[in-house]
Amino acid sequence: MSSLPVARVRLATRAFDPADALNTFTRAHPEAGGVVSFLGQVRVGEGVEALELRHYEPLTLPAMEDLAARVHARWALDGLLVIHRTGVMEPGDPIVLVAAAARHRRDAFAAADFAMDHLKSESWFWKREKVAGTWRWIEPRAQDYEDIARWQAQTPA
Amino acid sequence: MAINLVFLGKLEDVAGCSARAIPLSDTLSDTLDGVIDGLEPTLAEALRAPRVKLAVNGVLVQDRDVPVLRDGDEIAFLPPVSGG
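Protein chains in written order, with our numbering: chain A, 1 to 157; chain B, 1 to 84.
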C-alpha cells in the first residue's frame, strides 16, 4: 500500500506565478500520465479596474483543504494542486490555479472540474470589483449553482 | 464583556464596517437575537436573511441556535459566497 498523496493547497495573499507553480507540481509527479490544469484570471474589459477577494481566516483555508481531500477520495489522483488568491488584483492577474495529476486523463479532467465548481460556489470567498472607481460586490450566478448540482446528481466514483 | 461581530461580503457595506464589538450585559441572558435586535434595522434585517450563514468562533453552525454568548465570542455572518 502506498501512502495517500497529499494535496498542495495554498491561500495566496500576493500575486503568484501560475506557470512556475504548475512546473513545480508537474515535476513532482513524473509518474502521472496526465496533468490537467485550470487557471482563472481577472478578465480585462467591461471597465473593471480591480477585483478583490475577501476570505474569513478561520474557515477559508480549512474548507479548501477539506475540498482537496474529497477530490482525492473521489478520483484516483497522483497529486492535486489548489492555489487561490485573496486580496486586491488587477486585470490579467491570476486568481485561482487548480491542477490534477493522474495516471489517466479522465480522472484528472474530472477532478479539476469538480474542484473548480466547488471553489466557485462552495468556498469561503467573497468577491467585489471596482468599476469607474466604485466597488461593487459580486453576487453568485445561477450558473455556478447549476455547475455544482451536476456533481450532486452523480454517485461518487 | 463584549462579543465581536464580523460582517463578510456585502454585509460589510450594510454595516459600514467589517467588524463591530458589541458590549454584553452581565445578566447572562444575552442571546444573538437580542444582540441583532439592538442593531440598526437595515443591518438586523440583512443579517437575518435566510441565505446568511453563521460561524461561531470559527465554526460553522447549522442553524441559529447559538449557545449562550460569552465574553470574547466571535460571530461571523456569511452571505452567499462567490469565489474563483
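Just so you know, these hints were derived from the structure itself, not from any lab.
Check each hint, because a few of them may be wrong.
With a Cα cut of at most 30 Å, we get these calculated BS3-like pairs of lysine-lysine [unchecked claim]:
| # | chain 1 | residue 1 | chain 2 | residue 2 |
| --- | --- | --- | --- | --- |
| 1 | A | K130 | B | K53 |
| 2 | A | K127 | B | K10 |
| 3 | A | K130 | B | K10 |
Have a look at the derived ranges for each label pair, beta carbon to beta carbon [as the list claims (entries may be wrong)]:
| # | chain 1 | residue 1 | chain 2 | residue 2 | range |
| --- | --- | --- | --- | --- | --- |
| 4 | B | G72 | A | G87 | 24 to 32 Å |
| 5 | B | R48 | A | E90 | 14 to 22 Å |
| 6 | B | P41 | A | D20 | 44 to 52 Å |
| 7 | B | N57 | A | Y145 | 38 to 46 Å |
| 8 | A | A153 | B | R64 | 26 to 34 Å |
| 9 | A | A28 | B | T31 | 47 to 55 Å |
| 10 | B | R20 | A | Q152 | 22 to 30 Å |
Far from chain B by the CB rule (all over 10 Å, computed), these chain A residues [said to hold, decoys possible]:
| # | residue |
| --- | --- |
| 11 | A19 |
| 12 | R74 |
| 13 | G92 |
| 14 | L119 |
| 15 | E139 |
In this text the structure is predicted, and so the values were computed from the model without any measurement.
Positions of the beta carbon are idealized from the N, C-alpha and C atoms, including for glycine.
Notebook entry, point to check: Which earlier hints can't be squared with this structure?
Noted result: 5, 7, 10, 14, 15
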